[in-house]
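**Student:** So you can see what is in the structure, the chains are spelled out below.
Number of protein chains: 2
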Amino acid sequence: MSNNNVITFSDVLDAKEKISPYVHECPVVTSSTLDKMVGRKVFFKAESFQKTGSFKARGALNAVLSLVAKSPEVHGVVTHSSGNHGQALAWASNMVGLDCTVVVTNNTPKSKCEAIKAYGADLVFCEPTYADRIKICNKISEERSIPYISSSDDYDIMAGQGTIAVEFLNQVPDLDAVIVPVSGGGMAAGIATAAKAIKPAIKGERLWPNPPRFLDSIADGIRVQQLGELTWPIILELVEKEVFSVKDADIVKAMKFVFERMKLVIEPTSAAGVAAVMSERMASMDPGLKNVGVILCGGNVDINHLPWY
Amino acid sequence: MSNNNVITFSDVLDAKEKISPYVHECPVVTSSTLDKMVGRKVFFKAESFQKTGSFKARGALNAVLSLVAKSPEVHGVVTHSSGNHGQALAWASNMVGLDCTVVVTNNTPKSKCEAIKAYGADLVFCEPTYADRIKICNKISEERSIPYISSSDDYDIMAGQGTIAVEFLNQVPDLDAVIVPVSGGGMAAGIATAAKAIKPAIKGERLWPNPPRFLDSIADGIRVQQLGELTWPIILELVEKEVFSVKDADIVKAMKFVFERMKLVIEPTSAAGVAAVMSERMASMDPGLKNVGVILCGGNVDINHLPWY
Chain A
1 MSNNNVITFS DVLDAKEKIS PYVHECPVVT SSTLDKMVGR KVFFKAESFQ
51 KTGSFKARGA LNAVLSLVAK SPEVHGVVTH SSGNHGQALA WASNMVGLDC
101 TVVVTNNTPK SKCEAIKAYG ADLVFCEPTY ADRIKICNKI SEERSIPYIS
151 SSDDYDIMAG QGTIAVEFLN QVPDLDAVIV PVSGGGMAAG IATAAKAIKP
201 AIKGERLWPN PPRFLDSIAD GIRVQQLGEL TWPIILELVE KEVFSVKDAD
251 IVKAMKFVFE RMKLVIEPTS AAGVAAVMSE RMASMDPGLK NVGVILCGGN
301 VDINHLPWY
Chain B
1 MSNNNVITFS DVLDAKEKIS PYVHECPVVT SSTLDKMVGR KVFFKAESFQ
51 KTGSFKARGA LNAVLSLVAK SPEVHGVVTH SSGNHGQALA WASNMVGLDC
101 TVVVTNNTPK SKCEAIKAYG ADLVFCEPTY ADRIKICNKI SEERSIPYIS
151 SSDDYDIMAG QGTIAVEFLN QVPDLDAVIV PVSGGGMAAG IATAAKAIKP
201 AIKGERLWPN PPRFLDSIAD GIRVQQLGEL TWPIILELVE KEVFSVKDAD
251 IVKAMKFVFE RMKLVIEPTS AAGVAAVMSE RMASMDPGLK NVGVILCGGN
301 VDINHLPWY
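Top to bottom, those sequences are chains A and B. Position 185, counted from 1, in the first sequence is what full-length UniProt numbering calls 185; the numbers after and before it change by one each time, with no gaps. Position 73, counted from 1, in the second sequence is what full-length UniProt numbering calls 73; the numbers after and before it change by one each time, with no gaps.
Chain A with its partners taken away, still in its complex shape:
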C-alpha cells in the first residue's frame, strides 16, 4: 500500500471480520440482454439486498463496533444522511444498544424516514440544504454529547464499505473495472483501497449525475456532490480519472430496465450506475474492459412514488 493511503487493505479485512456475522454477502446478478446491448459482461453486486436495503449497513456497523470498542462510555451517535446511512446507523446503533439521532432534509423519501424510525432512531428534519443538515447535526452532537458519525468521511466507514470489493472480487475474480456511484466518496475510497490491493490492474470508475451542483437529481442517495476531506486523497490516488455524468432521464430508463428485465427493486442512485454502463461514453471505452462490475448500492425507493409515474 502507498504511504498516501490512510486506510489500508488490512483495515478492510479487519472490518470484514467484524461485520460479516451480521451483514449479507449479497449476490452478484447478471442480465444476458444487457450484456448483448453493451457488448461486455456486466456483473451487478446487489447491495439492494443488504441489511437496511443498502451497502451503508457495512460502514455504519463497522463504525459503531469500532466506536464502542474504543469508547465504552459512549451512549449515542448522531448523523446527517440522505436516508440510507441514517437507516444503517439506526440499525447498527440499535444492535449495539446506542441511542441514534438522524438529521434528514425534509424532502427525503418517506420510505427511508419510516425505516429510520422503525429501527428506533430519533428523526430530525432540516431544510433541504447541505449546510442546514450539518448545522443541526453539529448542534445535536454538542447538546447531547454524542459523536457525529459521517456517512463517508470516516476511516471506519470507508473500511466497512471496502468489504464490498473483497466479496465482489471473490465472487467474480475476472473483473476488469468497477463502476461506483459517488457522493461523499466513502464507498469509492473503500472499494478502491481493497480492489487495488487484491488486483492492481483493476479500474475504478466514478460516477456523478448531472447537473453538476448538488440537490437536484432524482438519485437522492448521491445528491451531495462533494468528496470528503478524508476520502478525496484516497480517491485521487486510487481511482481512475474517468467520471461518468448521467442525466435523470437516463437514470429512470435504467431503473425501468432493472425492474422490468432483471426483476429487481433498486433506487435511483443504483440506477445511476446502470445508466453509466449503458451510456455512449461507456460504449466508446476500451473494449479490453470485458468484465465490468456495477454496484447496485441500494433498493430503498418509495414504491408509491416511482419516478416513471
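Certain hints may be false.
Put simply, identical chains are the same to the list, so a pair is met inside one copy or across any two.
[Stated by the list, open to error] DSSO-like cross-link-like pairs, simulated, lysine-lysine; straight-line CA separation at most 30 Å: (1) K117 / K139; (2) K117 / K41; (3) K16 / K36; (4) K256 / K117; (5) K41 / K18; (6) K36 / K110; (7) K18 / K36.
None of these hints come from the bench; they were simulated from the model. Please read these numbers as outputs of a predicted model, since none were measured by experiment.
We have chain A already, so just place chain B on it with the hints.
**Tutor:** Coordinates of chain B only, in the frame set by chain A:
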C-alpha cells in the same frame, strides 16, 4: 410411485437433465422480517428470475424438446396463455427453430404481450373468456397443422415444472411444506410428484384466489380456476387437501411487502403465495410446519400499471 400417477419422478429427472443447460437454478430468498411476522421460516423460490420471467420456461422448454425428439417434422406450435406460458413457449420455440403462435385475451398485461412478440412469436388476441381462447387456439392448430401445447394439462409440461421441486429441496432440504399457486395445476402436479418422491412427509398447499370463478382477479397468471383433466388426478392424490383463498387486497399488500422489504419485482400471482403464507389461515395451521416454501412463480408485472397506483 403410485400406479395412479401418470408422470413419475423419473420423468422429472429426465426433464431436469434436458432443460438444465438452458434455464436458471433460481435462488432461494428469505426475509427475517417476514419470518418474525408469521412465526415460521419462509423460503421463497424466486422463479421471477427464471428465463422469460417465470417458471413456465421450464415446462415449455421440456415440452418443445420432447416434441422435436418425437416428431422431427414439426414446424410450429400454438398455445393459449394468460401471458407467462406464451412467453415461455415463444422463447423455447425460438431456441429450437419452431414457429410459435400465442392466443391471449385482450386484457393481458402489455408487458407480457410485448415480451411474447420480442421472442419472435405471432400474437393473436381473443375475447377475455376462457372459451374464446380455446376456440381460437384450436382453429389455428387445425388451419396451420401445428400441435397445441397446453400450459398445464400436458405431461411434459408437468415434468418440466416439477424440476422446481428437485432444486428447491436440494437448496432447502428441511422444507416441511410448499405453497403453490394453482390455476391449471401443471406446476402443482409436477412439484407434488417430485416433492413426494424426494420427501414423502412434505405437505403441498394449493392456493386459489377469491372470487371463486375465473377472470376476476389481479393475479392474471391464475385467472383460470379449473384444474386440467390430466393434472387433477395427480393433484388429488399427492397434494394436501388444504386450499388457501386470498383476496385481491391481500395480494396487493403482499406484493408491496415483497417490493419494499425484499426488493424483488414480482407479479400478483407470485404475491398470492406470499399472501397465503401471511394469512390468518396459515397462522392457525400446525406449528410443526416450521419451514415453509413458497414459489414466487413469476415477475412479469407491467410496472407502468402497478396495482397500488
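**Student:** For each hint, tell me whether it holds in the structure or not.
**Tutor:** Against the structure, the hints:
Taking CA atoms no more than 30 Å apart as the test, K117 paired with K139 passes inside one copy only; the shortest distance there is 20 Å, against 60 Å between copies. For the homomeric pair K117 and K41, the shortest alpha-carbon distance between copies (26 Å) is at most 30 Å, but the shortest distance inside one copy (39 Å) is not. Within a single copy, K16 and K36 get their C-alpha atoms only as close as 34 Å, which misses the 30 Å cut-off; across copies the closest is 27 Å, which meets it. Taking the shortest alpha-carbon separations for K256 and K117, both the intra-copy value of 29 Å and the inter-copy value of 19 Å come in at or below 30 Å.
Only between protomers do K41 and K18 lie at most 30 Å apart by alpha-carbon distance; the minimum there is 26 Å, versus 32 Å within a single protomer. Taking identical chains as interchangeable, the C-alpha atoms of K36 and K110 lie at most 30 Å apart only when they sit on different chains, with a minimum of 24 Å there against 37 Å within one chain. Taking identical chains as interchangeable, the C-alpha atoms of K18 and K36 lie at most 30 Å apart only when they sit on different chains, with a minimum of 25 Å there against 39 Å within one chain.
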